[in-house]
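Protein chains: 4
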Amino acid sequence: MTTETRDNFGHFLNIQSRWADMDAYGHVNNAEFYSYIDTAVTEYLVSHGGHDKDAATAIGLVVESGCKYFKPLAFPAVIDCGVRVTKLGRSSVRYEVGMFAAGDGEPAALGFFVHVFVDRDTMRPTDLPAHLRSALEPLLRAGDA
Amino acid sequence: MTTETRDNFGHFLNIQSRWADMDAYGHVNNAEFYSYIDTAVTEYLVSHGGHDKDAATAIGLVVESGCKYFKPLAFPAVIDCGVRVTKLGRSSVRYEVGMFAAGDGEPAALGFFVHVFVDRDTMRPTDLPAHLRSALEPLLRAGDA
Amino acid sequence: MTTETRDNFGHFLNIQSRWADMDAYGHVNNAEFYSYIDTAVTEYLVSHGGHDKDAATAIGLVVESGCKYFKPLAFPAVIDCGVRVTKLGRSSVRYEVGMFAAGDGEPAALGFFVHVFVDRDTMRPTDLPAHLRSALEPLLRAGDA
Amino acid sequence: MTTETRDNFGHFLNIQSRWADMDAYGHVNNAEFYSYIDTAVTEYLVSHGGHDKDAATAIGLVVESGCKYFKPLAFPAVIDCGVRVTKLGRSSVRYEVGMFAAGDGEPAALGFFVHVFVDRDTMRPTDLPAHLRSALEPLLRAGDA
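Which chain is which? The protein sequence lines are A, B, C and D, in order. In this text, residue positions in the first sequence follow the numbering used here: the first is 51, and each later residue adds one. In this text, residue positions in the second sequence follow the numbering used here: the first is 51, and each later residue adds one. In this text, residue positions in the third sequence follow the numbering used here: the first is 51, and each later residue adds one. In this text, residue positions in the fourth sequence follow the numbering used here: the first is 51, and each later residue adds one.
Calculated from the structure, these hints are not laboratory results. Fair warning: there could be bad hints in the mix.
Since the list gives no way to pick out one identical chain from another, each pair is judged satisfied if it fits inside one copy or across any two copies.
[Stated by the list, open to error] Listed below are the simulated EDC-like cross-link pairs for lysine to aspartate or glutamate, each with C-alpha atoms no more than 20 Å apart in a straight line:
#1 103 with 171
#2 121 with 171
#3 118 with 187
#4 121 with 169
#5 118 with 102
#6 137 with 194
#7 121 with 104
#8 103 with 177
#9 118 with 54
#10 121 with 156
#11 118 with 154
#12 137 with 187
It should be emphasised that the depicted structure is a prediction, and the values quoted were computed from it without experimental measurement.
Let the sequences and hints guide you as you build the complete structure.
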């Protein structure tokens with residue numbers, strides 16, 4: 051299905067699944083994976099990149115997202131979310147997030163999204179702030195830019 | 051279980067249930083009812099009371115909430131959410147919301163929450179804005195204040 | 051951004067946005083769009099295809115999903131979700147969902163997901179049930195199969 | 051506001067808040083607290099009480115819930131959710147959950163819900179299964195029954 055491993059991701063956030071994450075089929079609903087993806091990346095921007103949602107003049111708009119699902123996830127579980135960056139442009143960033151059930155070396159899913167940074171007032175594209183760029187560079191996958 | 055009827059509520063908002071609202075037992079999860087309650091009241095404040103989430107200097111903090119569940123709700127369904135006000139104080143409001151499956155005269159659930167209006171900057175209690183008070187008075191249940 | 055219009059979708063479900071759908075930036079969170087997508091398609095399968103989540107022996111697993119975002123959505127709003135089918139295989143279906151703010155001819159977002167139908171007990175791929183295939187054929191976009 | 055402390059709860063589950071938990075006011079939405087409450091209790095029933103959502107013949111229906119909010123919660127944060135039992139009846143259980151921001155001795159909120167255990171097929175009240183009763187007794191607050 052996938053040859054991705056935990057080694058392919060430079061930063062991890064461990065997220066507790068919630069009872070309400072499951073849908074009527076008894077597995078985590080496909081839409082909820084995006085809240086894991088969103089959370090893992092945004093936590094990194096805040097905790098490691100100094101992003102301040104209230105004071106920031108540049109904010110990231112999600113222009114595209116996607117996910118491939120390899121295995122179901124359930125509750126209760128801890129989902130280890132690995133983050134990497136596969137494109138670091140002037141005003142845009144592409145993140146990829148591997149989601150692993152605790153103790154599993156193969157991801158249950160691999161998601162991505164693309165942020166375009168915009169000026170909060172004009173909503174026009176703006177340069178990625180330097181403190182975010184510095185924080186994201188170590189997550190850039192070898193060979194990507 | 052309950053003697054509540056649709057006549058007991060002065061305003062209705064109809065909310066489509068979502069596939070992800072159901073949990074692994076195949077019914078709408080207990081926590082999701084609160085998003086119906088929250089939505090029905092806030093929609094009224096915005097559409098009928100002129101509340102502007104961005105410009106408002108007074109915002110409502112939820113200090114208490116609760117719900118009694120009489121019947122399960124499922125998907126797909128339209129949930130008719132009836133809103134009434136049972137207390138309209140100087141800075142606080144208590145709302146009650148009856149949630150009815152389309153076509154059902156008996157509510158599936160009855161919820162409430164209490165808003166305390168605070169100044170957005172100081173987060174200290176402030177008077178309920180006059181335009182909200184005017185909008186809420188017609189929803190005040192006879193005999194309440 | 052997109053040349054998609056409402057005419058490109060054969061079935062619509064109108065979904066009320068919820069206060070909690072918005073994130074701290076004051077717009078509907080990117081992950082919530084997937085609950086609209088999921089809901090619009092599943093409602094069609096249930097209401098028009100006779101899918102019964104409890105009795106069905108074949109259920110659809112989501113193996114891939116994605117979304118492009120063109121405009122922000124907010125609350126309160128009704129989101130008109132148009133559904134079409136762009137691939138109708140032996141055991142898999144690809145759905146696309148255009149999400150339009152009420153009164154807007156241009157979509158705020160265009161999402162998709164791919165269902166692989168599996169036998170509920172063995173979780174192995176199985177043929178798309180005939181009643182679902184009949185229901186989905188009218189949504190197949192001209193030129194697709 | 052409250053004199054509750056962490057010592058008043060016999061079991062803790064730590065839950066990562068999510069970006070999407072926040073609403074447009076930049077704090078965790080009031081409805082999301084119920085997904086913390088629900089998750090903390092259900093995780094205990096599964097991990098410590100041997101509850102199996104698929105095989106269980108008795109399942110817990112939520113008949114009432116409520117929450118008092120003392121302080122806002124934000125993202126990113128770990129929410130330490132303390133669980134106690136304040137009523138352990140023949141077929142019903144009342145749980146209370148204190149929600150503490152990591153490092154804070156005072157709860158941000160105190161919630162509760164009441165489970166009535168029902169036979170999954172008939173949906174009629176049934177005795178609380180012995181393995182759940184044994185697991186819940188240690189969480190019974192001194193003086194309660």
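Up to 20 Å CA-CA - residue 102 versus residue 118, copy category: Neither: 30 Å inside a copy, 26 Å across copies.
Same-copy or cross-copy closeness of residue 137 to residue 187 [CA-CA at most 20 Å]: within (10 Å within a copy, 39 Å between copies)
Within, between, both or neither: residue 118, residue 187 at alpha-carbon 20 Å: neither (25 Å within a copy, 25 Å between copies)
Residue 121 and residue 156: within-copy, between-copy, both or neither at 20 Å Cα: within (9 Å within a copy, 35 Å between copies)
Homomeric proximity label, residue 103 with residue 171: Cα distance no greater than 20 Å: both (14 Å within a copy, 16 Å between copies)
Intra- versus inter-subunit Cα pairing at 20 Å for residue 121 with residue 104: Only across copies: residue 121 and residue 104 sit 18 Å apart there, 37 Å inside one copy, limit 20 Å.
Up to 20 Å CA-CA - residue 194 versus residue 137, copy category: The answer is within: 6 Å in one copy meets 20 Å, while 33 Å across copies does not.
Up to 20 Å CA-CA - residue 169 versus residue 121, copy category: between (39 Å within a copy, 16 Å between copies)
Within, between, both or neither, where residue 118 and residue 154 count as close if Cα-Cα is 20 Å or less: within (17 Å within a copy, 31 Å between copies)
20 Å Cα threshold - placement of residue 54 relative to residue 118: within (12 Å within a copy, 25 Å between copies)
Identical-chain pair category, residue 103 with residue 177, by Cα at 20 Å: within (17 Å within a copy, 28 Å between copies)
20 Å Cα threshold - placement of residue 171 relative to residue 121: Between. Shortest inter-copy distance 16 Å satisfies the 20 Å Cα cut-off; intra-copy 41 Å does not.
The structure fails hints 3 and 5 (numbered hints given earlier, in ascending order).
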